[in-house]
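**Q** Each chain is listed here by its residues.
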Amino acid sequence: MIKSELVLRIAAQNPHLYQRDVETIVNAILDTIAEALARGDRVELRGFGAFSIKKRDARAGRNPRTGEAVSVQEKVVPVFKTGKEMRKRLNLEPIQPAGS
Amino acid sequence: MAGRTVTRADLSEAVYQKLGLSRTESAALVERVLDEICDGLARGESVKLSSFGSFVVRNKGQRIGRNPKTGVEVPIEPRRVLVFKPSNVLKARINGDSEPDSDN
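Keeping their order, the protein sequence lines are chains L and P. Just so we're aligned, residue 1 is where the first sequence starts under the UniProt record's numbering, counting upward by one. Just so we're aligned, residue 1 is where the second sequence starts under the UniProt record's numbering, counting upward by one.
Hints were generated in silico from the structure; no laboratory data involved. Any given hint could be a false lead.
[Claimed, not checked] Restraint ranges, calculated between C-beta atoms of paired labels, are given here:
#1 P/Asn67 <-> L/Arg65: 35 to 45 Å
#2 L/Ala69 <-> P/Gly61: 30 to 40 Å
#3 P/Val83 <-> L/Ala58: 23 to 33 Å
#4 L/Glu5 <-> P/Gly61: 23 to 33 Å
#5 P/Gly71 <-> L/Ala58: 34 to 44 Å
#6 P/Lys60 <-> L/Arg46: 22 to 32 Å
[Said to hold, decoys possible] Covered stretches of chain P (chain L as the covering partner; in silico rule of three or more C-beta atoms under 8 Å from a C-beta of chain L):
#7 9 to 15
#8 33 to 39
#9 67 to 75
#10 80 to 87
Just so it is clear, CB atoms sit at the ideal spot from N, CA and C, and this is done for glycine as well.
Throw the hints in and build the complete structure from the sequences for me.
**A** Spelled out as structure tokens, the structure:
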């Protein structure tokens with residue numbers, strides 16, 4: 001499912017809204033999460049999971065193709081931890097030993 | 001840093017500010033959006049949200065784990081896990097960069 005499909009689904013359930021408005025809603029949600037993370041805040045959505053950020057120290061990296069040494073600057077990465085309820089929902093059905 | 005925790009209430013408020021809907025309806029719509037994402041993932045679908053990131057369901061095989069306290073070996077059953085891959089746009093935004101790294 002991609003964002004436009006998500007918007008279509010929500011729009012179909014809410015005929016009184018323009019599709020454009022639903023798009024605005026989805027973007028407002030994602031923007032609010034991104035903005036919070038950019039501020040260094042945590043975002044906790046019960047039943048789904050929690051977003052937070054982690055600091056990665058600067059390190060000496062290497063260009064994997066050329067083997068050349070490069071310095072990697074300190075950076076912040078977003079992380080997501082699946083919530084308890086979501087984790088349970090993913091494992092309601094037994095798993096067929098097929099996928100990896 | 002070490003800020004507050006943003007919750008559904010904040011998301012509803014953002015939606016309320018953007019559109020002229022009631023607070024009740026804004027909250028209900030936030031819930032619908034999150035539900036729709038969760039439902040898709042529970043069906044095993046990936047959910048890709050451009051310029052934000054993608055949520056992917058991965059199947060993990062069985063492996064032998066160990067109780068770190070007692071050292072007793074326990075089998076870890078095959079299971080599904082959810083992983084989030086942040087988009088380059090999101091990563092850049094969080095690092096305060098104006099545009100995402102082209103070589104990353």
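**Q** Per the hint of 23 to 33 Å, is the separation of the Cβ atoms of P/Val83 and L/Ala58 within bounds?
**A** holds, 25 Å
**Q** Against chain L, does the region 33 to 39 of chain P show at least 3 residues with beta-carbon separation below 8 Å?
**A** This one holds; 5 residues, not fewer than the three required, reach chain L with a Cβ under 8 Å.
**Q** For the region 80 to 87 of chain P, do at least 3 residues have a Cβ located nearer than 8 Å to some Cβ of chain L?
**A** holds (count 6)
**Q** Between L/Glu5 and P/Gly61, does the C-beta distance stay in 23 to 33 Å?
**A** The hint (23 to 33 Å, Cβ to Cβ) holds, given that L/Glu5 and P/Gly61 are roughly 30 Å apart.
**Q** Under 8 Å between beta-carbons, do enough residues of the region 67 to 75 of chain P, three at least, approach chain L for the coverage claim to hold?
**A** Result for this restraint: violated, n = 0.
**Q** Return holds or violated for the Cβ distance of P/Lys60 and L/Arg46 against the range 22 to 32 Å.
**A** holds, 24 Å
**Q** When you take the CB atoms of P/Gly71 and L/Ala58, is the distance between them in 34 to 44 Å?
**A** At 37 Å between Cβs, range holds.
**Q** Given as covered by chain L, does the region 9 to 15 of chain P meet the bar of three residues or more with CB within less than 8 Å?
**A** Contact hint for the region 9 to 15 of chain P vs chain L: holds, 4 residues under 8 Å.
**Q** Holds or violated: the 30 to 40 Å window for the beta-carbon distance between L/Ala69 and P/Gly61?
**A** Holds: the Cβ-Cβ distance is about 36 Å, inside 30 to 40 Å.
**Q** For P/Asn67 and L/Arg65, compare the CB-CB distance with the range 35 to 45 Å and indicate the outcome.
**A** This hint holds: roughly 42 Å between Cβ atoms.
The earlier numbered hint that this structure contradicts is number 9, and it is the only one.
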